[in-house]
Amino acid sequence: MNKKIKIIVFILSLTLLSNKCNVTYENYKPNRQELDKNVPPKEMKLIEEVTLEETEELVLHDILMSDINNSCSILAVTDETNRTLNFYNYENGKILNFIKADLWLVDSIIASGIKPYNHFNKTYKYLNIKDYPNYKITPELTKLLLNTFMGARFVNDSTLIVSALLNAWKTTIDSNNLFDISNALVYCDINGNIKKFLPLESSSNLFPTSIPFFYNSQTKTIIMANEDSDRKIIQRKLDSIITFSIYDSVAHFIKQVSFLPETFTKSFLNNLEFSKIPQLCFIKDSCFISYGIDLTIYNLNNEKRFQLKNLPFKNDSGFLLIKEPMKEMYENSSKVAAPTINDSGFAYQSKISKFYISRVSKNKITRKIYDNLFPVKIANMINTGGTLTVWLYVIDSTVENGYYYILQEYTTEGKLLSQTNLFDKKEQKIRHIAYDSKHNYILIFLKSKEGWKLEKRKWS
Amino acid sequence: MKIKTFFLVYTIIVCNLLSMDNSLFDKLKSRTELNQDELLFVTYLNPMTCAKCYIGVEELIAFIEKNKGSKKVKYLALVKVDREIELKAFKRDSGWEYYLFADDGDFYKKLDAKESTVLSVLNSFGKNIFNLNSSKSGVNLKLLKQFLDKK
Chain S
1180 MNKKIKIIVF ILSLTLLSNK CNVTYENYKP NRQELDKNVP PKEMKLIEEV TLEETEELVL
1240 HDILMSDINN SCSILAVTDE TNRTLNFYNY ENGKILNFIK ADLWLVDSII ASGIKPYNHF
1300 NKTYKYLNIK DYPNYKITPE LTKLLLNTFM GARFVNDSTL IVSALLNAWK TTIDSNNLFD
1360 ISNALVYCDI NGNIKKFLPL ESSSNLFPTS IPFFYNSQTK TIIMANEDSD RKIIQRKLDS
1420 IITFSIYDSV AHFIKQVSFL PETFTKSFLN NLEFSKIPQL CFIKDSCFIS YGIDLTIYNL
1480 NNEKRFQLKN LPFKNDSGFL LIKEPMKEMY ENSSKVAAPT INDSGFAYQS KISKFYISRV
1540 SKNKITRKIY DNLFPVKIAN MINTGGTLTV WLYVIDSTVE NGYYYILQEY TTEGKLLSQT
1600 NLFDKKEQKI RHIAYDSKHN YILIFLKSKE GWKLEKRKWS
Chain Z
2 MKIKTFFLVY TIIVCNLLSM DNSLFDKLKS RTELNQDELL FVTYLNPMTC AKCYIGVEEL
62 IAFIEKNKGS KKVKYLALVK VDREIELKAF KRDSGWEYYL FADDGDFYKK LDAKESTVLS
122 VLNSFGKNIF NLNSSKSGVN LKLLKQFLDK K
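Chains as they are written, first to last, in my numbering: chain S, 1180 to 1639; chain Z, 2 to 152.
Everything labelled a hint here was simulated from the structure, so no lab data went into it. Mixed in with the good hints there might be a few duds.
To be verified - Calculated pairs, DMTMM-like style, for lysine to aspartate or glutamate (alpha carbon to alpha carbon, straight line, at most 25 Å):
(1) Lys92/Z - Asp1603/S
(2) Lys1506/S - Asp1241/S
(3) Lys92/Z - Asp1281/S
(4) Lys89/Z - Glu1232/S
(5) Lys1547/S - Asp113/Z
(6) Lys1605/S - Asp83/Z
(7) Lys1594/S - Asp1418/S
(8) Lys81/Z - Asp1464/S
(9) Lys89/Z - Asp1281/S
(10) Lys81/Z - Asp1603/S
(11) Lys28/Z - Glu1629/S
(12) Lys115/Z - Asp83/Z
(13) Lys28/Z - Glu1606/S
(14) Lys1547/S - Asp83/Z
(15) Lys92/Z - Asp1241/S
(16) Lys1628/S - Asp83/Z
(17) Lys75/Z - Asp150/Z
(18) Lys75/Z - Asp105/Z
(19) Lys67/Z - Glu1319/S
(20) Lys111/Z - Glu1579/S
(21) Lys1628/S - Asp94/Z
(22) Lys1493/S - Asp1603/S
(23) Lys110/Z - Asp1550/S
(24) Lys1399/S - Asp1495/S
(25) Lys81/Z - Asp1336/S
(26) Lys92/Z - Glu1319/S
(27) Lys1628/S - Glu1236/S
(28) Lys1604/S - Asp105/Z
(29) Lys1315/S - Asp94/Z
(30) Lys1322/S - Asp113/Z
(31) Lys1617/S - Asp1418/S
(32) Lys89/Z - Glu1319/S
What the hints assert, rightly or not - Take a look, some chain S residues computed to stay more than 10 Å from chain Z by CB distance:
(33) Thr1230
(34) Val1238
(35) Ile1242
(36) Asp1246
(37) Asn1261
(38) Phe1432
(39) Phe1438
(40) Asn1580
Quick caveat: nothing in here was measured; it's all calculated off a predicted structure. Built from N, CA and C at the ideal position, the CB exists for glycine as well.
Chain S on its own, in the form it takes in the complex (with noise of 0.2 Å):
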């Protein structure tokens, strides 16, 4: 062989080895586990299949939360793209009502007399709609007040919490008008009639989101996720951020009692908009939490986490390879101006949303490296009649549509009984999993071009 052409083929297989040898977060590939054959795989046997209605006025767009009644009479769905609560019958899908978060929750917002957040160390007022013209506020940034119902759960048979993600404009004394976000628990029958409407006390340190959200009948107390964006941006500290509060009945701040775990704050993945939002679930006093791209399980009742088991990739190396990334976005960061407040009265230049658009664009880690270092995400928990099934969202290049899902049933200690991996059809996709509990009915929510179909499957 001619010698050029040797050392040509010498440089560039150096120059190949030395790219196999430096795996960078964007060129990671994640290794494939051996799965244990012995776990034994549980059919799920087609029960029932519903149609649910769909109508001119209600379209379901897609499903944020679910819940069905102690008779089994009524599932209640949220739908975030709509912005309604919408109750079917759960024995033939047919519509009973829906109820849309519309301007008049504005007006409760105010009746309910709590005082609006004092951004920027100045007093606020919430502002009445029919005000807004003596306030410069326009009809288009009246159409940005979009509130939604985020969750729904049944307290009883025919009456319900349900969490609402609600805008408002409020103005200081010399009015300067801004644009507010604050929450509230609002106790509704099927009927769409309000009983109470609680606002959800926030703060810079205190944000509740709405979402994951948990009635507890026994000791009458509400879990719900919270942000605190105050530690982690403004403070700068990553310890004990804020994932979980508990609030009394009348949504009254009782305590924080959960944290972002330690996986993600030493890879500097301080906000949790990137990993998916925490997952809740309760099986009998006990509280399961769950976060996203984390494989573990916390339960809050013992303070003990248990690893997901048998699963075909790990995250952990994401962890590690994401870390640099993260860590030089965070301490860029930290040269963004101080809050301010634009002409249509957004604080649009406040450090946290720098910090989130930064973190997207400018660095480029896109959400396909993103899914690369972080192959297996937990998509929900669900108590199963007192086994905890774990849904998890596994992408892999292998299978045809370049991801599938998985069902976990696992003891409340931790001890993997079986698992099921689910498919999508090509023109039918899961979209949501809840349970029945009077049936034992795993309820599988699909939607095609044609609609939505409920299918209700028992395990075997």
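Fit chain Z to the supplied structure of chain S, relying on the hints for placement.
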């Protein structure tokens, strides 16, 4: 030399043809009944998008209407929905007055736009003339004005 020029022209033509998903553009053209002398302004909307982004698009359209001169333009929103029924609901709830098309994939890629693109300007052959980036509103208006002022 002639062969080199031929290959260069051929490569440019092939690249141009490959860069645009013509089947998608044909559907958009048919939906908007786009004529040869018309421009298509395509925006990318999500029913979940914050209302501020939607208002931003309305402001851009108002600016184009004010400055378009003799240019013939049509507006179309690619809306991130799975079904036509959802598109109808979006039209009703948003009050969007122009053409709509359901985007059940990442259609922006097929129109040579980016994830951050707020508005793409296409000619009647489906060629992407330029994209406006959502995060640069000042630059957006300047670019638009320059384009609309061109004869």
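Okay, the hints, checked on the actual structure:
| no. | hint | verdict |
| --- | --- | --- |
| 1 | Lys92/Z - Asp1603/S | violated, 29 Å |
| 2 | Lys1506/S - Asp1241/S | violated, 35 Å |
| 3 | Lys92/Z - Asp1281/S | holds, 17 Å |
| 4 | Lys89/Z - Glu1232/S | holds, 17 Å |
| 5 | Lys1547/S - Asp113/Z | holds, 19 Å |
| 6 | Lys1605/S - Asp83/Z | holds, 13 Å |
| 7 | Lys1594/S - Asp1418/S | violated, 30 Å |
| 8 | Lys81/Z - Asp1464/S | violated, 41 Å |
| 9 | Lys89/Z - Asp1281/S | holds, 19 Å |
| 10 | Lys81/Z - Asp1603/S | holds, 20 Å |
| 11 | Lys28/Z - Glu1629/S | holds, 21 Å |
| 12 | Lys115/Z - Asp83/Z | holds, 20 Å |
| 13 | Lys28/Z - Glu1606/S | holds, 21 Å |
| 14 | Lys1547/S - Asp83/Z | holds, 22 Å |
| 15 | Lys92/Z - Asp1241/S | holds, 17 Å |
| 16 | Lys1628/S - Asp83/Z | holds, 7 Å |
| 17 | Lys75/Z - Asp150/Z | holds, 17 Å |
| 18 | Lys75/Z - Asp105/Z | holds, 22 Å |
| 19 | Lys67/Z - Glu1319/S | holds, 19 Å |
| 20 | Lys111/Z - Glu1579/S | holds, 22 Å |
| 21 | Lys1628/S - Asp94/Z | holds, 21 Å |
| 22 | Lys1493/S - Asp1603/S | holds, 22 Å |
| 23 | Lys110/Z - Asp1550/S | holds, 19 Å |
| 24 | Lys1399/S - Asp1495/S | violated, 38 Å |
| 25 | Lys81/Z - Asp1336/S | violated, 36 Å |
| 26 | Lys92/Z - Glu1319/S | holds, 17 Å |
| 27 | Lys1628/S - Glu1236/S | holds, 18 Å |
| 28 | Lys1604/S - Asp105/Z | holds, 16 Å |
| 29 | Lys1315/S - Asp94/Z | holds, 24 Å |
| 30 | Lys1322/S - Asp113/Z | violated, 31 Å |
| 31 | Lys1617/S - Asp1418/S | violated, 42 Å |
| 32 | Lys89/Z - Glu1319/S | holds, 22 Å |
| 33 | Thr1230 | holds, 14 Å |
| 34 | Val1238 | violated, 4 Å |
| 35 | Ile1242 | holds, 13 Å |
| 36 | Asp1246 | holds, 22 Å |
| 37 | Asn1261 | violated, 7 Å |
| 38 | Phe1432 | holds, 28 Å |
| 39 | Phe1438 | holds, 29 Å |
| 40 | Asn1580 | holds, 13 Å |
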